[in-house]
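The listed protein sequences derive, respectively, from chains A and B. Note that the numbering used here has the first sequence beginning at 82, numbered continuously upward. Note that the numbering used here has the second sequence beginning at 1035, numbered continuously upward.
Where hints are given, some of them may not hold.
As the list claims (entries may be wrong) - Chain A regions said to be covered by chain B (calculated; three or more residues, Cβ under 8 Å):
1. 111-125
2. 144-153
3. 168-180
Said to hold, decoys possible - Below, in silico cross-link-like pairs of lysine-lysine (DSSO-like), each with a Cα-Cα straight-line distance of 30 Å or less:
4. B/Lys1310 x B/Lys1385
5. B/Lys1372 x B/Lys1422
6. B/Lys1484 x B/Lys1310
7. A/Lys165 x B/Lys1052
8. B/Lys1310 x A/Lys276
9. A/Lys154 x B/Lys1063
10. B/Lys1484 x B/Lys1315
11. B/Lys1057 x A/Lys165
12. B/Lys1310 x A/Lys186
13. B/Lys1328 x A/Lys186
14. B/Lys1315 x B/Lys1372
15. B/Lys1484 x A/Lys216
16. A/Lys185 x B/Lys1315
17. B/Lys1484 x A/Lys186
Think of the hints as simulated: they come from the structure by calculation, not from any bench. Idealized CB from N, CA, C, for every residue including glycine.
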Amino acid sequence: MRQCSFNSKNLSNLQGNEVLMTEEAILQGCLKNHAAAQRELYQRYSPKMLAVCFRFAHNREDAEDMLQDGFIKVFLQMHTFQSKGAFEGWIRRIIVHTCINHLKKNKRFNESVDIMQASTAQIREESIPSIVQAKQIVDCIRLLPIGYRTVLNLYAIEGYSHKEISGMLDIEESTSRSQYTRARQMLEDILIRRKLLPEPKEKTERLTAIQ
Amino acid sequence: MMERVYFDNEFENQLKEKSDQLKMYPSDKVWNEVHRSLHTRRKGFVAGMSVLVGGILILAGTQLLSPSKTNGHNLAVTKTIQPAPAPATADLHAFNPNAFSASDATNRQTESHLQQALPAPFISSTGTSVSASREEDRTLSSIKSEIARASAENRLANVSASSLSSGNKMDLNLKETETAPQRLPAPANVTGGVPESDKSVARFTHIHNDRFSWEIYATPTLNTHHLYGVDYQNISSSIQNAPITVVRFANVNGFVDNTPVMGYDLGGNLLYRISKNFSLKAGLQFSFSRYYFKAYNSSPSQSGATLSSYLGYIADSLTNYSLARTGNPKNPQRFQNKYYQLSIPVGIEWKVAGKRKLQLHIGATVQPSYLLNRDAYVLSGDYNSYGKDPAVYRRWNLQAGAETFISYRVGSIRWELGPQIRYQILSTYKSSYPLQENLVNYGIRLGFTKSIR
């Protein structure tokens, strides 16, 4: 993975050893299939993971389906977790892969490839009520066509390289790069229109000033 | 040309930072499904399949992998009967059951004859002569141990007497087995010491144990279901004026679009022959049935299941969202309802016609069943949407099965093939729910039976 900063905040020194021990206890409980430990783990990570799913999914219902399948996989594959990396990062990778599998299974990603290749991709101008800026940004990401959105999510937010993305989505690496460039440009436009980004100045003006 | 707002990586970093700040809280149903998958369904499924597979393996192992032990047992009983004064010939009608008593004197005499008969060659229950010395030694050693055990328990004569208590059985069984021993000419050094009467008794003893047999079968099935709704026209006007969803259709089967799909049954039975043509049977069966229905996705909304509270059903909570709605002609999707059931079929079989090789049977069973999963979609009381509500489902149910099949004997195994139908007598849903669903499975059963000796 290109970026490995998933858990730096959660496992910071400020949280101390107590949290780490608790996490270890949860991990051991889950390995023994204890429902209480599983519930604790779920409550701790499900809000963040649902937000991840929501960025990939078509709607909240689909996101919850992804989350459900993802957590079942997490619990069933708990024994494969090696304590070398961060636990949250491991869960997140499983959730992301589950999301991709959902999109593939429902053929939504394949359908979106056509949309991606079309130069005139339509942006849905939906009015999604947002209170905080994070929600507004995620809403803007979700306005992208699903193919753009998937590549952007994987590269910019989840930190996968284009090579990894090409393997996950069964596309060429160059395709991943070009789609990401377009996705980024489209997202910037949306963010500017929503006043979440400052409007850029014209390049010509800048050149004039230099002269 | 627009200038880029951010330089490389700055954009991604800010995007990631902001996105990771978002938290969303899933509905309770997500955890409920996760928990059920990890603890309820898996446990029930694994336990059921373990019992089924284990039972089949044990039965198959004892019957298929170690037949020599039963041969030895039959031989011991054969020799026990040898000295009895009955005029045992090929015609068992001449047998007088009273001639075989369970008196102590007979037992002693029997034991004596058994000891004398030990070195003598024998004919197995299937009539196969054994001449190989190694096999003979092994079998003889098992005979000795069997005789010693039988003598200690002083039960040999009792076995003989009970075996001869039914004239009908003798007549039937002799006919079924009389050809086997005579087809194989035994070497003189092996069979020379056994009179014909002994062979007849041996056949008789074998047949007495043939009352029990076991059966394994697999049935590809075509699954469908019948829905029965409430006759809304009969609802009183006061309820009709209540603030509930308007019911558009009274005939629920005409409203929903269901498609039959393939499923399967796997199971095993133990059969007990109560007469020449009738057998009782009981066993364990695993059934997987499913059907498709068409609906379209909708954004989360409250399912109409709560409507039924007017009709006596009170939903556990209001968090039951519908995933799919019926009735929209645009962009319908196909959903699948799956049911996993364990059942205990208990019934009777009747041999309608046929001889030894080819037979025609009819059977009927009653099957108490247990539903292993409750995550299927349920149609709401107003026929307007589908949702998932495990509380609606009935765990224990009752099924009725009917079948007819042709059986053909190949060696010691009887193969069976024929159609079957299974109808779920009680509704899939609890009686308090206004809708009733009865599953119907049509299938072609392929199985085989083998006698327990």
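Results for each hint:
1. Note: the segment 111-125 of chain A has 5 residues with beta-carbon separation from chain B under 8 Å; the three-residue rule is met and the coverage holds.
2. Chain B is given as covering the segment 144-153 of chain A, and this holds because 6 residues of the stretch bring a CB closer than 8 Å to a CB of that chain, at least three being needed.
3. Counting residues of the segment 168-180 of chain A whose C-beta lies closer than 8 Å to any C-beta of chain B gives 0; at least three are required, and the coverage claim is violated.
4. Distance check on the hinted pair: B/Lys1310 and B/Lys1385 sit about 8 Å apart at the alpha-carbon level, within 30 Å; holds.
5. Annotation: proposed proximity of B/Lys1372 to B/Lys1422 holds, straight-line Cα distance about 12 Å (limit 30 Å).
6. For the hint pairing B/Lys1484 with B/Lys1310, the CA-to-CA distance comes to about 17 Å; that is within 30 Å, so the pair holds.
7. Taken as a hint, the A/Lys165 and B/Lys1052 pair is honoured in the structure, with Cα atoms around 27 Å apart against an allowance of 30 Å.
8. With a C-alpha separation of about 89 Å, the suggested pair B/Lys1310 and A/Lys276 falls outside the 30 Å cut-off, and the hint is violated.
9. With a C-alpha separation of about 17 Å, the suggested pairing of A/Lys154 with B/Lys1063 holds against the 30 Å cut-off.
10. For the suggested pair B/Lys1484 and B/Lys1315, the alpha carbons sit about 13 Å apart, so the restraint of at most 30 Å is met.
11. In summary, the hint linking B/Lys1057 to A/Lys165 is supported, as the alpha carbons are separated by about 26 Å, within the 30 Å threshold.
12. Restraint check for B/Lys1310 and A/Lys186: not satisfied, since their Cα atoms lie roughly 56 Å apart, outside the 30 Å limit.
13. A hinted pair counts as satisfied when its Cα atoms are at most 30 Å apart, and B/Lys1328 with A/Lys186 qualifies at roughly 18 Å.
14. As the CA atoms of B/Lys1315 and B/Lys1372 are separated by approximately 28 Å, the hinted pair is consistent with the 30 Å bound.
15. Restraint check for B/Lys1484 and A/Lys216: the C-alpha separation of about 68 Å exceeds 30 Å, so the hint is violated.
16. Restraint check: the Cα-Cα separation between A/Lys185 and B/Lys1315 comes to about 48 Å, which exceeds 30 Å; the hinted pair is violated.
17. Annotation: proposed proximity of B/Lys1484 to A/Lys186 is violated, straight-line Cα distance about 45 Å (limit 30 Å).
Hint compliance for this structure: hints 3, 8, 12, 15, 16, 17 are not met, and every other hint is.
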